[in-house]
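Protein sequence lines correspond, in order, to chains P and W. If you read the first sequence in the numbering used here, its first letter stands for residue -17, the second for the next number, and so on. If you read the second sequence in the numbering used here, its first letter stands for residue 2, the second for the next number, and so on.
There's no promise every hint is true.
If you want a taste of the chain P side facing chain W, the calculated C-beta under 8 Å gives, among others [stated by the list, open to error]:
1. Leu6
2. Val20
3. Ala32
4. Arg43
5. Phe69
In case anyone wonders, no lab produced these hints; they're calculated from the structure. Just so we're clear, the structure is a prediction, and the values are computed from it rather than from any experiment. Glycine included, C-beta positions come from ideal geometry on N, C-alpha and C.
The primary structure of each chain is shown beneath.
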Amino acid sequence: MALDKATVARIGHLARIRLDDASLDTMVSELNQILTFVEALDAVPTDGVAPMTGVVDMNLRQRADVVDDGGIPDRVLANAPEERSSFFTVPKVVE
Amino acid sequence: MSAALTRLTIAEALGRLRARDISAVELTEAHLAAMARAQALNLFITEMPDQARAAAAESDARYAAGTAGPLDGIPLAVKDLFCTEGVATTAGSHILEGFTPRYESTVTAQLRRDGAVCLGKANLDEFAMGSSTETSYFGPTVNPWRRAGAPATDLVPGGSSGGSAAAVAARAAAGATGTDTGGSIRQPAALCGVVGLKPTYGRCSRWGIVAFASSLDQAGPFARSVRDAALLLRSMAGFDPKDSTSVDRPVPDYAAALTGDVRGLKVGIPREYRVDGMAGEIERQWQQGVDWLRAAGAEPVEVSLPHTRYALPAYYIVAPAEASSNLARYDGVRYGLRVEGENLTDLYEQTRAAGFGAEVRRRVMIGTYVLSAGYYDAYYLKAQKVRSLIAGDFRAAFERCDVLLTPTTPGPAFPVGERQDDPVTMYMNDIFTVTVNMAGLPGLSVPAGLSDDGLPLGLQLIGRPFDEETVLRAGDVLERAAGFTALPADIAG
C-alpha cells in the first residue's frame, strides 16, 4: 500500500524530523519506492519460522548489580551545547 | 625513498622496523607526505599529523628498548565512526558537529595498545549509510583508480568505508579500520583494489563505534594483502565486557593460518549468486577464481542459498529499523549540533532536520514506519523471519562445503554523482555482501583482477561463524594466484 502525504508527515513527527512541504513530497515518493522494493518479502512463506532475535547463538551475560562507573560529570558534560550546574539545559517543558 | 616506504606491506614494514632498518618516524612521515599529495581525493575528515608523529616517536623508543608491540609504528587510517579520545568524531554527519569523545573505542584502543599509529579519521557515508561515500557531510571521497580512456571522470571508492579503502589504495595509509553493516568494508575494498575483511558478528567489540544497525555492524580491517588483514584483525578482535554481544573466545594467530594449502578444501559456489543480467566481466572473474582454487587442490561444489534474493529487501527493513532507534539519541541536547526551537519538541525536530542528510533522513523515516504500531508484524517481524531463513541457508550450505566463493560486487567503481538520485539502485551494490551480515558470518574481499575498463574487481570468500582462519587461508591462496599488482592512477605514495 502506498503512503500518502499525511502519513509521511505523521512518520516525520514520530521520527522528530521536521519536513517542509517540498521535502515532504520527495519523501513520499522515495519511501514508496523503498516500500515497493521490500514488498518482495511477501512472496516468502514464513509461517512457523521463528524470527531471528540474536545473531550469535549465546545467552546474554549477566554481571553483578553494582555501580562500577560514574562520578565524572565534567566528562559527561564536556560536549554539552548548553549546561548549568552539572545539568544539560533545554527549553522549558513545564509551564 | 618515501614512495618506497608507502609501498611496503604491513608485514614487510614490521620486518624492517624490527631490524631497525627503518624508523617508525620515517614510515609515518612518508605516509603523511602521501596524505598531503592526496588532498584532492578527500580521504580524511580529520588528519592527525602531530599526534601521528608523536606516536611514531614513541614506537621508535619502544623498538630501541626492545618492548615494541605487534603493530608498533604501523600507520593506519581510522574510519571516522570509531570514537577517538580527544579527537573530533563526526560519523560523516553535520549532527555531530563539535563532538569530541572523552573515550576511545575498544578496537582503536587495542590497535594503539599494539603500537599502531593513527594518521587520521577517514571519510565515510553519513552514519555509514551508503555505498559510495557520497552521503558524507564532508563531501565525497574520490577513488584513486580511473577508467582507462576516461582519466577525468572521478569515480566513487564505494562505501560506506570509502575513505579507509581509498587511503589504503592510494598508499596514504598502510592499513585501515572500517565497519561493515551490509558490505561497507568488502564493497569499497573491491572497488579500490584492496583487501577488506568483515569478521564474524561478535568477533570485534562494537563499543565506542557510532552505532548504525547494532545486530549487523561489525568492525574489520583494510590492507593491501591478506596477511596484513590477518595481522590487523588479531589486534582488533577480542572479548570486551562493554559490548553485550562480544563473544568470549580466544583470538587465534590468524597469520599462522596462511599455510598456502587448500588441498581438499570444499569451496561452495552458490548458484543463486548467478543473478540475471550479471555483467560478463564479473562472471568471468568469478569463474577464474573457481579455477584458481581448483588448480590449488580445492574442490568446488555447487550449493544453493535459496533466499539470497530476499536478503536485500529484508536488510532494508532491519537496518533502518535499528538505525531509527540508534539515531534517536541525536536530539541536540547533550552533544553535537543544536538548533534552538520554541519548545523542546521543536528543538528536536529542527535539530534533526538540519543535522541529518537525505539518506539518513530516509532511513530513519523507513525505520520509524516499520516499527510503528500496526506495521511492526507486517514489516519488521516478517524481515526477522526471512533473516532466520537466510541464516538457515548458510547453515545447510556449510554442511556441504568449508567456504563459499562469490563476486564481491555486481560491477566496478562508478562515477561520482551517477547513482545518487535513485536510492534503490544504489542499494543493489550490496546484493552479494548483505547476506553475510544478515547471517553474522565472516566475509573477505580479495582483489582478483581488472574490469574491461581497467578497474579492480574483487572476489568474496564467506566462512562459518568464527572461522576467519579458513577464509583467510583460502583468500591468501586466491591472492597468490591472482597476483594483483596493478596500481591506481592517483597513487600518492
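Checked hints:
no.: 1; hint: Leu6; in the structure: 11 Å, violated
no.: 2; hint: Val20; in the structure: 4 Å, holds
no.: 3; hint: Ala32; in the structure: 6 Å, holds
no.: 4; hint: Arg43; in the structure: 7 Å, holds
no.: 5; hint: Phe69; in the structure: 11 Å, violated
Of the numbered hints given earlier, the model fails hints 1 and 5; all others are met.
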